[in-house]
Amino acid sequence: MALLTVLGVSLIAALILAFVGDRRYAPEINIFGSAATFAASIFLALQVYYNGPMLAGHDFFFVDAFNVYLSVLTAFVSMTTALFSRRYMRHEREHGKVGRSGMRFYHAMFQLFIFAMLLALLTNNVGVLWISMELATLSTVLLVSLYRTPSAVEAAWKYFILCGVGIAQALFGTVLLYFAAERVFGEGSAGLLWTNLSQVSDKLEPTVLSLAFVFFMVGYGTKVGLVPLHNWLPDAHSEGPTPISAVLSGLLLNVALYALVRCKVLVDGATHSHKAGYIMMVFGLVSIMVAAFSLLRQKDIKRMFAYSSIEHMGIATFAFGLGGPIATFGALLHMLVHSLTKSSIFFTVGHASQMHSTQEMSKIQGLIRGNPLVGWGLMLGVIAIVGMPPFGVFTSEFLILTAAMKDAPYFTPFFLLGLAIAFAALFRKVMPMVFGKAPDYQRRLKAAHIPVFVHMAVMLILGLYLPSFLSEWFHTAVRLLK
Amino acid sequence: MNVNIAAQINSVLAALILLTAFGLLVQRRIYGLLHIFAWQGLFLSISTAIVGYTAGLHHLYISAILTLTLKVFALPYILYVLIHRLKIHKEVEDMVNIPTTMLIGIALVIFSYHLTAPIRELSTLVTRSTLAVALATVMLGLLMMITRKKAVTQIIGFLALENGLFFAATSATYGMPLVVELGVALDILIAAFIFGIFFFQIRTTFDSLDLKEMEKLKEED
Numbered sequence: 001m002a003l004l005t006v007l008g009v010s011l012i013a014a015l016i017l018a019f020v021g022d023r024r025y026a027p028e029i030n031i032f033g034s035a036a037t038f039a040a041s042i043f044l045a046l047q048v049y050y051n052g053p054m055l056a057g058h059d060f061f062f063v064d065a066f067n068v069y070l071s072v073l074t075a076f077v078s079m080t081t082a083l084f085s086r087r088y089m090r091h092e093r094e095h096g097k098v099g100r101s102g103m104r105f106y107h108a109m110f111q112l113f114i115f116a117m118l119l120a121l122l123t124n125n126v127g128v129l130w131i132s133m134e135l136a137t138l139s140t141v142l143l144v145s146l147y148r149t150p151s152a153v154e155a156a157w158k159y160f161i162l163c164g165v166g167i168a169q170a171l172f173g174t175v176l177l178y179f180a181a182e183r184v185f186g187e188g189s190a191g192l193l194w195t196n197l198s199q200v201s202d203k204l205e206p207t208v209l210s211l212a213f214v215f216f217m218v219g220y221g222t223k224v225g226l227v228p229l230h231n232w233l234p235d236a237h238s239e240g241p242t243p244i245s246a247v248l249s250g251l252l253l254n255v256a257l258y259a260l261v262r263c264k265v266l267v268d269g270a271t272h273s274h275k276a277g278y279i280m281m282v283f284g285l286v287s288i289m290v291a292a293f294s295l296l297r298q299k300d301i302k303r304m305f306a307y308s309s310i311e312h313m314g315i316a317t318f319a320f321g322l323g324g325p326i327a328t329f330g331a332l333l334h335m336l337v338h339s340l341t342k343s344s345i346f347f348t349v350g351h352a353s354q355m356h357s358t359q360e361m362s363k364i365q366g367l368i369r370g371n372p373l374v375g376w377g378l379m380l381g382v383i384a385i386v387g388m389p390p391f392g393v394f395t396s397e398f399l400i401l402t403a404a405m406k407d408a409p410y411f412t413p414f415f416l417l418g419l420a421i422a423f424a425a426l427f428r429k430v431m432p433m434v435f436g437k438a439p440d441y442q443r444r445l446k447a448a449h450i451p452v453f454v455h456m457a458v459m460l461i462l463g464l465y466l467p468s469f470l471s472e473w474f475h476t477a478v479r480l481l482k
Numbered sequence: 483m484n485v486n487i488a489a490q491i492n493s494v495l496a497a498l499i500l501l502t503a504f505g506l507l508v509q510r511r512i513y514g515l516l517h518i519f520a521w522q523g524l525f526l527s528i529s530t531a532i533v534g535y536t537a538g539l540h541h542l543y544i545s546a547i548l549t550l551t552l553k554v555f556a557l558p559y560i561l562y563v564l565i566h567r568l569k570i571h572k573e574v575e576d577m578v579n580i581p582t583t584m585l586i587g588i589a590l591v592i593f594s595y596h597l598t599a600p601i602r603e604l605s606t607l608v609t610r611s612t613l614a615v616a617l618a619t620v621m622l623g624l625l626m627m628i629t630r631k632k633a634v635t636q637i638i639g640f641l642a643l644e645n646g647l648f649f650a651a652t653s654a655t656y657g658m659p660l661v662v663e664l665g666v667a668l669d670i671l672i673a674a675f676i677f678g679i680f681f682f683q684i685r686t687t688f689d690s691l692d693l694k695e696m697e698k699l700k701e702e703d
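Chains A and B, in that order, are what the protein sequence lines are.
Going left to right, the first sequence walks through residues 1 to 482 as our numbering numbers them.
Going left to right, the second sequence walks through residues 483 to 703 as our numbering numbers them.
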């Protein structure tokens, strides 16, 4: 029941918002819808916490420790983003960047996007997982081009084409997976249910699954934003409205990585080797390095943080590839803390660029003078994202690093180098924006502070102490992903 | 119908699908592209129906009808209307190096045969030999999207790629479960509306549907 509410609310909210359009109370409906989804997801999490993994709807849905925490995270970040977007989008509307139909479209598609991600997380069917990933892309494509500037249209087109082609490869992987499964289960949907597949994964044909993994890696890897398939990501993040950048970066990349990891578990079971893991480690490490060097060259603030997302997704992919209890635990934690940190950074970045009417970093100055909360929010966010204690990213990166030292010592210098460069690059770029004199074109602005503070608080708590229910979930998930 | 004859007909259809994929690769006129695309959909639909008949699987008839309505009528019609409204039906795309593109295409076909060889040995289905053609169609669609610089042709390449995936599903496994196939069809339909909107957005912001104009977003040094 809780499960249907989690999925249903966002779908119904999308329909309602499509009719409500640009009325005054549309943002409130948006917030209310996401809050209801969040409440239902908490309820679902409690059910899973007390009763263990569950199947529902003729085995169509499956909730376990791995996807339930991501569902709660998705619902939570979408709620805070809805809160943030109320002020942010009102500002954009008043300054004529979006029209009436744009606002209608924005709200409806925001909810549809949340629905698609939750469906991807909760479904048990690997084929439906693919369909909802594609739906998540399609619902955000036109949001990226919302401002209708030439660069926004270009970014959206790139996003549409590259992700469409990428994810088509994942469909081919799914076909191959079904081919292998059919030989065990015979004709029918049973062969695509993850719960069935994971039980018999050692009976699946290894050659077919190795080939399938290549397609999954390219397909879902494009959506995760792994180098060299990342071209769409910085463009889509920098040209779309900031709330969309926040959810793309904080949530969609996570969901894509989730899909990849689910497939990897099956492939590992079939091939009895660590081949898939090595592929993921190399992709992850290359992403970390390339993103770190790209960070140095950025001029656009949202583009820079988009590259930072590529770097962090690289870290998580690397850790999942590394495998083993500590690295997997670290990767799960990293997905959580990166999502919270990065979305809160995007909230402050959105306000900062509204205050200066530009996304160019050289023109953004003296944030602390202009609006101390935005300035400190950005500063603390950056301190957290580069992995300084006491925030959560430090914990997860430390765990991953420890595991890497033990299991793959040759990779660690590159890993550390990537982290160090990203650290230096982000600090060098952010300091002048936060401190210094406020330029005279800087505007005062009513910023949405609550989402930023809530995220900061959660990040701080996760850095200092991991609640027992969360670590229990992670441990269960680690056993599951072995 | 004898299984052997069915397999042979299916191979012929596979060859025709591959032929249309090459046709799409080099056709320069937009209406010509649409016609070839519709033919490809038709061959795909017939092939699906024949596989469904020989294997006695009725859900394949549904997919065959789905392909027929979507790929042969609906999508070409939507594209036709869009092209008509955007008044680009007379445009001829200038392409360089058609022979090179063809050669790369042939190399991709050989590569597909090589890649699917282990699967062919495992499979017991009558359609197993066509899996390589399906993968080749996917790759050729990809190649078309890389070599073409117009929004409409890129979309047709994308749809041809999707055709290849669909063909792969029927030839490797006698089709995916119905839920998945319906979902994929729905996604394609939504995608069709989105690229429709896109054509107009691109047209109004860039004054043409030529993607050469879109070169603003690059890493600056």
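Simulated from the structure, these hints should not be mistaken for lab results.
One or more of the hints may lead you astray.
In silico PhoX-like links for lysine-lysine, alpha-carbon gap of 20 Å or less [to be verified]: (1) A:K482 to A:K299; (2) A:K299 to B:K569; (3) A:K406 to A:K299; (4) B:K569 to A:K158; (5) A:K299 to B:K698; (6) B:K572 to A:K158; (7) A:K203 to A:K275; (8) B:K569 to B:K631; (9) A:K299 to B:K694; (10) A:K482 to A:K275; (11) A:K275 to A:K363; (12) A:K203 to A:K429; (13) A:K363 to A:K429; (14) B:K698 to B:K569; (15) A:K406 to A:K275.
Label pairs and their calculated CB-CB ranges [stated by the list, open to error]: (16) B:R567 to A:E360: 35 to 41 Å; (17) A:R100 to B:M577: 39 to 45 Å; (18) B:T551 to A:L373: 53 to 59 Å; (19) A:L15 to B:R567: 43 to 49 Å; (20) A:S198 to B:I491: 21 to 27 Å; (21) A:H95 to B:V508: 54 to 60 Å; (22) A:L15 to B:L597: 58 to 64 Å; (23) B:H541 to A:P389: 21 to 27 Å; (24) A:R148 to B:I560: 19 to 25 Å; (25) B:Y513 to A:P432: 54 to 60 Å.
Just so you have them, the derived chain B footprint on chain A, three or more residues with Cβ under 8 Å [as the list claims (entries may be wrong)]: (26) 115-129; (27) 179-190.
Model, not experiment: these values are computed from the prediction.
Even glycine gets a Cβ: it sits at the ideal position worked out from N, Cα and C.
These are the hints, each one checked on the structure:
Note on K482 (chain A) and K299 (chain A): the hinted pairing is violated, with a Cα-Cα distance of about 41 Å set against a maximum of 20 Å. The straight-line distance between the Cα atoms of K299 (chain A) and K569 (chain B) is roughly 39 Å, outside the 20 Å bound, and the hint therefore fails. Under the criterion of a C-alpha separation no larger than 20 Å, the hint pairing K406 (chain A) with K299 (chain A) is inconsistent with the structure, at around 38 Å. Taking the CA atoms of K569 (chain B) and K158 (chain A), the gap is near 24 Å; set against the 20 Å cutoff, the hint is violated.
For the hint linking K299 (chain A) to K698 (chain B), the alpha-carbon distance of about 14 Å falls within 20 Å, and the restraint holds. A threshold of 20 Å between alpha carbons decides the hint, and for K572 (chain B) with K158 (chain A) the separation of about 26 Å lies outside it, so the pair is violated. For the proposed pair K203 (chain A) and K275 (chain A), the alpha carbon gap of about 17 Å is at most 20 Å, so the pair holds. For the suggested pair K569 (chain B) and K631 (chain B), the alpha carbons sit about 18 Å apart, so the restraint of at most 20 Å is met.
Of the pairs offered as hints, the one joining K299 (chain A) and K694 (chain B) is violated, with about 24 Å between alpha carbons and a cut-off of 20 Å exceeded. With a C-alpha separation of about 14 Å, the suggested pair K482 (chain A) and K275 (chain A) falls inside the 20 Å cut-off, and the hint holds. Straight-line distance between C-alpha atoms of K275 (chain A) and K363 (chain A) comes to about 47 Å, which puts the hinted pair past the 20 Å bound. The hinted pair formed by K203 (chain A) and K429 (chain A) fails the criterion: a straight-line CA distance of about 52 Å is larger than 20 Å.
Proposed proximity of K363 (chain A) and K429 (chain A) is supported: the alpha carbons are some 12 Å apart, at most 20 Å. Taking the CA atoms of K698 (chain B) and K569 (chain B), the gap is near 26 Å; set against the 20 Å cutoff, the hint is violated. Between K406 (chain A) and K275 (chain A) the alpha-carbon distance is near 19 Å, which keeps this suggested pair within the 20 Å criterion. For the hinted restraint 35 to 41 Å between R567 (chain B) and E360 (chain A), the CB-CB distance of approximately 38 Å keeps it satisfied.
Range check, R100 (chain A) to M577 (chain B): about 42 Å between beta-carbon atoms, so the 39 to 45 Å window is met. A hinted range of 53 to 59 Å for the beta carbons of T551 (chain B) and L373 (chain A) is consistent with their spacing of about 56 Å. Remark: the range hint 43 to 49 Å for L15 (chain A) to R567 (chain B) is contradicted by a beta-carbon distance near 29 Å. Roughly 39 Å separates the CB atoms of S198 (chain A) and I491 (chain B), a value that falls outside the hinted 21 to 27 Å.
As the Cβ distance of H95 (chain A) to V508 (chain B) is approximately 48 Å, the hint placing it in 54 to 60 Å is violated. Between L15 (chain A) and L597 (chain B) the beta carbons are some 44 Å apart, a value that contradicts the proposed interval 58 to 64 Å. At roughly 57 Å, the beta-carbon separation of H541 (chain B) and P389 (chain A) lies outside the given 21 to 27 Å, and the hint is violated. Between R148 (chain A) and I560 (chain B), the C-beta spacing of about 22 Å keeps the proposed range 19 to 25 Å intact.
Between Y513 (chain B) and P432 (chain A) the Cβ separation comes to about 56 Å, which falls inside the hinted range of 54 to 60 Å. Coverage of the segment 115-129 of chain A by chain B holds [criterion: at least 3 residues with CB-CB distance below 8 Å; count 3]. Here's how the segment 179-190 of chain A fares: 6 of its residues keep a CB closer than 8 Å to some CB of chain B, so the rule of at least three is met and the hint holds.
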